[in-house]
Amino acid sequence: MSGRFRLESLSGQDRSGFACGVAALDDYLHKRASQDQRRRVAACYLLVESETSRPAGYYTLSAASVLLSDLPEATAKKLPRYPSVPVVRVGRLAVDARYHGQKLGSVLVFDAVKRAAQSGVGAFAVVVDAKDQNAAAFYGHHGFTPLDSAGLTLFLPIGEGLQQMLRGG
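Under my numbering, the first residue of the sequence shown is numbered 1, with each subsequent residue one higher.
Derived by calculation from the structure, the hints in this document are not laboratory data. A quick note: this is a predicted structure, and the numbers were derived from the prediction, not measured. All clues given are correct.
DSSO-like mimics (lysine-lysine), calculated; alpha carbons at most 30 Å apart, straight line:
1) LYS31 x LYS103
2) LYS78 x LYS114
3) LYS77 x LYS114
4) LYS103 x LYS131
5) LYS31 x LYS114
6) LYS103 x LYS114
7) LYS31 x LYS131
8) LYS131 x LYS114
Model the full assembly from the supplied sequences, consistent with the hints where possible.
As structure tokens, then:
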């Protein structure tokens, strides 16, 4: 990532001007992200413009699990036969409208996978709940595979995600 942006954990940054164009995502960052972080139900990371300290994007991570039976058979048979497997959930991910088209969403996804891998907590995959088919296509472009028939819950095994990052994908 260039020196134009930096990634940092949510703390006291001014987030009031953030506007991605989706009211629920804007409202979450403005009003609930700090509360969720204090309660330890989500960790929020901001992509901040270095020069202005303006948030350009954010994502949240939470611990979660998926049923082994929900995974594709080829994936499930490589895992221990526990009823569920641990994952890291990207609960929200958004880029401010002023920065759309600059591939910052990809920066956020790659950072989320990297943080999940480096967390020191066992997790097989990163899981996302896409808000619509366009968001699902975005995650699909980054190697995520649908978990459900609607294609809106997707997963990426962390090992595969790291390999993709090393290839520059």
